[in-house]
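Chains as they are written, first to last, in numbering that gives the first Met the number 0: chain A, 0 to 660; chain B, 0 to 660.
Quick caveat, the hints were computed from the structure, so don't treat them as lab data. Just so we're clear, the structure is a prediction, and the values are computed from it rather than from any experiment. Mixed in with the good hints there might be a few duds.
Since copy identity is lost for identical chains, a pair holds within one copy or between any two.
[Said to hold, decoys possible] Below are the BS3-like pairs computed for lysine-lysine, each with C-alpha atoms no more than 25 angstroms apart in a straight line:
(1) K381 x K92
(2) K175 x K65
(3) K118 x K381
(4) K561 x K92
(5) K308 x K650
(6) K352 x K48
(7) K250 x K308
(8) K88 x K48
(9) K118 x K88
2 protein chains.
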Amino acid sequence: MKQSKWIWKPGDFELYHSMLLHNRRTYQGIYYPPMWRVDAPARNVMLYKRAEIEQRETLTVYSNAKQASFLVDNTRYPAGTTVTLEPGKHFIKLFGYKPDGFPAFYCVGDTFASDESWKFGSYGARDAHAGANDMYTEPGDNPEIFKFSYERIAPVSAEETNGGTLYDFGKETFGKLIFENLAPGTSATVICGESREEALCPEEAIVYVDLCEENGGFVSTTVAFRYIFVPALGCDYSLCADYEYLPLENKGSFRSDDPMINKIWEVADYTLHLNAREGFFDGLKRDRWVWGGDAYQSYFVNYYLMNDKDIVRRTQRILRGANPMTMHINTISDYTFYWIAAMWEYYFHTGDKQFIWASYPNMLTTMNFVTSRLDEDGLYAKRRGDWVFVDWSTFFDKDSGPMCAEQMLLCRAYDCMAKCAALLDDEKTAEKFTELKDDLYEKINRLYWDEEKSAFIDDYATGNRNVTRHANIFALLYGLTSEERKQRIIDCVIKNPEIPAITTPYFEFFELDAMCSIGEFQYMTDMLHSYWGGMLNHGATTIWEEYFPEKSRVENYAMYGKAFGKSLCHAWGASPIYLLGKYALGVRPTAPAYEAYEVRPNLMCFGELEGTVPAADGTVWVRMTRDAVTVRADLAGGTLVLGDKSYPIEKDVELTVSLSS
Amino acid sequence: MKQSKWIWKPGDFELYHSMLLHNRRTYQGIYYPPMWRVDAPARNVMLYKRAEIEQRETLTVYSNAKQASFLVDNTRYPAGTTVTLEPGKHFIKLFGYKPDGFPAFYCVGDTFASDESWKFGSYGARDAHAGANDMYTEPGDNPEIFKFSYERIAPVSAEETNGGTLYDFGKETFGKLIFENLAPGTSATVICGESREEALCPEEAIVYVDLCEENGGFVSTTVAFRYIFVPALGCDYSLCADYEYLPLENKGSFRSDDPMINKIWEVADYTLHLNAREGFFDGLKRDRWVWGGDAYQSYFVNYYLMNDKDIVRRTQRILRGANPMTMHINTISDYTFYWIAAMWEYYFHTGDKQFIWASYPNMLTTMNFVTSRLDEDGLYAKRRGDWVFVDWSTFFDKDSGPMCAEQMLLCRAYDCMAKCAALLDDEKTAEKFTELKDDLYEKINRLYWDEEKSAFIDDYATGNRNVTRHANIFALLYGLTSEERKQRIIDCVIKNPEIPAITTPYFEFFELDAMCSIGEFQYMTDMLHSYWGGMLNHGATTIWEEYFPEKSRVENYAMYGKAFGKSLCHAWGASPIYLLGKYALGVRPTAPAYEAYEVRPNLMCFGELEGTVPAADGTVWVRMTRDAVTVRADLAGGTLVLGDKSYPIEKDVELTVSLSS
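Isolated chain A, as found in the complex (with noise of 0.2 angstroms):
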């Protein structure tokens, strides 16, 4: 018998999971869904296929539903039965109905086994391949049921205090509380603390958990937590957790002399660990959602801390949700903008070619939406309901018209649909986005180009022609402009002072990128001590979602007007676990799929250096220190760089170039 999977309609199970996770955020015990359209699985599903056999085989058909039945041929028969199938053709069509979540089907079979060679009937739509996944490939799963790994934890301490008592699990972490040996009928209101403040604060701490005795025990929803307060109970009970996590291996390592940012590497691999969930989450505490932008960014540290394609896949489909589309990605134009771009990148670090097939319709869908709403110059205009991001869009007037740092993203996305489309043959749609990027290119030149100040400005409908770091950042990033205009914005807005810095860690990402693309070094270690460091000196066992200096660790605990609205876990924190990797180790893919690649390894700031980077299905391993560079890797197609020098790395084979000469 073959390998079988549970297979079900495509996007299904990303819909279903997505849909779970985007309606589990409370407020105070207040059900609070997202301000975006949740889309739902198909409750009625029909899958096929057809196959001429040679040999007589059987074939037995499971469905997790109740209603669900198979046609062989012509003949129907209950899900469960097992049919022998004589030699020739055969047409087998499953039916399932589920009512509360998704119809999906096993086959036992050789030539009928479920797989993703089986088809989904979309009765005059779009037939398509069936959607499977390879955590569900045994009869006993449940593709309803998400594939978290487990582990109980205890608190490290506890404490009687207001009247209760606030329990310290020591880190962040997240999961189901469980309590057990309570009286029967206990019931009360249970606070959760991402800080020690928060817990012991009930008024303005932001997730409570009802407690409500069953069994003499009480198993509660996943929570994010560090200190949990319970009010006096009445009973001696106990208390500890169990740990839901994703068990996702780590392929990147980074280790140097430095303390600070060794610590530094290692909460942020913590943080993303804890985000990476159905899909990559902004933050555990608050909207656990996943949001584009968000998500982007920790595409990009997954590309050198695990690898792992398919929680790229997943979150993708996640933030993508069914047609039609009808708003912005999380309602953001940036981050449809960031959805597309997100594809070719995926491509270009992991060479999964088949994702991108399959994410082809939606992309086209989505570049419709996106074209269809442009203004009559072609440039993307906020429209009502739209978000216009970027950075919290501080800077941004209502009148501001359309703004440099979205046709910068918008011109991305252009590009990098072209580059899919081609990569797919599909030579025409190739040529059409290569077309509108162009254009988009010219159009950015000119209409936001300032000579004088020698920068993008931000909008030129307002006549302000004021200037931020945003919009430039994406220029160098993006390589939206000439060189000539590149080192004028690196001279008068990058090293200029005058112009606001950034503040928020998101935005952090991309500057520090391009700080260090442009070889200030310094600059990203200064920031990682401060910043970051910063967070680690008050005590943070995880990122924050954003960061003050000069505030105090419990003033740093406010946000969105909130005591303690701030997360205090947010992946978008975790960027310098990529920065690292790609400066420091300075190990990145300079063709599609790592089919070719450098190693411009860097010192910065430290004495020595190593780790490794996940590159395509391949490990590269770097040690520098002041005397010798080391590399090693197991796929071709690598060079080192040092200075202006060029080593060939040949697979398997360890390189060592010595630096004292």
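Use these hints to put chain B onto chain A, whose structure you have.
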């Protein structure tokens, strides 16, 4: 406080109950879903309302969803909360998530009492008025439970036979079987039969009930039956049933001095009531689905029997399903055309403009779907996945190209679409579809008319120039040719015994309507006696799906290659109610919404007749003997027509005209 209604995403109530009913069919216990896409309601919904209030008032929000909350301006509350609103502007948003049903809300208040004035938040698509239904106005209501009525019924006889007991409930019925006093662990397969023969033939019976004792009893899902066979259970159980029905009041009636016709009218009445459920079903035993052609005929019977508007609205919504439209309704092109026609005919008979307005976007997308798939000549030709039904299409070839009957139905759809557009003051669309109609009328009369045969031929592609009654009946019914050609059709097709007779009760509806419209009443009453009367002579308690007078009773039970495949309670057999109301009582609207109507009674084969016809919101009573006609109506606009004489009917004034002179 204002009367509130439960509100939901528009269409979700119908989608939900459609989903349930279309997933209820079984064949010998095996799940048997439709061959078209079954759409589901949304699981996440947002509804909102903005209003300014002058006085302080309170608002309480309830939801059927466990996960529900609402925003008052920018403050979030859990469902169940009462909030006091101060004078001024307020923006209320309701959020709900219900994974296993559909979210609905009930708001108690004055300005913000929930009703259709609330809006559905589409997140960028098309915001629309909230859905509601007058059945659900109490806080304790649950729109997920369809409001059927129940009546306990008992078998009229029981007979020991075939190793068990055969129960006879006296007539065809529909409901839940109720077993009491079962021994623990009892389980058995119970056989339902519309006929005694079916109940006693487990190998060939269509509907099984898997009895499984629980707490000493068992209640089945709803099934159609007259006979129930229970194998010996070895305990002294009892069996009865809960008859499940919709308590729709008859507003139409008919009585004559012909007992057989009276009986046919009563059996047709019962048949339609049994099939009048969430929507109009095709039949009770087998499909239990909503089919466009069956429903189309039920509408006409309804206008002459119960004149219930909501069941037409529900049925039309169920048929249309959700967007995007990717297949014809029930996969059948004719049914899509009927669906459009039914909109105008609904307005014509009821005057309910609001429903046309609410359905208009779906009418437009339906016509977009239709016109985008026409051939290069603007004709409808079968495409892959389409089913061209007409009348089982037995006279259609695979290569017959565009069929005449289909163009005629499409032309009728264009005409009705244009009329609805004009009703809603969408002049541009009205003009467009009038042009399409005129153009298609010309093509039909040019491409399909055979001058020599004085008839419309089935198709022109094959060169067969075959003539059947179907297209020619449509030409008469929908006025699709000149008066001169109509007369030639009557002479050379309709009255020509060499043209094969119609053999299905489905198409008898159209034929008898056409025959009556040209005054061939004898043909109609003869057919009632022989065809409908023939079924009654076989002991039918409801009208069958099909009937062959030359076959025996038991032979007649067979269909679709199965011994008991035929449905013995099929809605499309109820047409005598429509035909007798329209042509014997002679009541029919001559302007939309019964603003003008005529009463043109005809004694036909009867010595006397009497009855009522619902007319928009009123009723017209007619009595006719050989000596006189008496008419009484509670609505204005009527004209009594007798031969070439006309008499205005005054509202609420009885008018008697003597025929003896």
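Consistency of the hints with the structure:
| no. | hint | result |
| --- | --- | --- |
| 1 | K381 x K92 | between (46 angstroms within a copy, 24 angstroms between copies) |
| 2 | K175 x K65 | between (29 angstroms within a copy, 20 angstroms between copies) |
| 3 | K118 x K381 | between (39 angstroms within a copy, 24 angstroms between copies) |
| 4 | K561 x K92 | between (54 angstroms within a copy, 22 angstroms between copies) |
| 5 | K308 x K650 | within (23 angstroms within a copy, 77 angstroms between copies) |
| 6 | K352 x K48 | within (24 angstroms within a copy, 47 angstroms between copies) |
| 7 | K250 x K308 | within (12 angstroms within a copy, 66 angstroms between copies) |
| 8 | K88 x K48 | within (11 angstroms within a copy, 58 angstroms between copies) |
| 9 | K118 x K88 | within (16 angstroms within a copy, 53 angstroms between copies) |
Every hint, counting from the list given before, is met by this structure.
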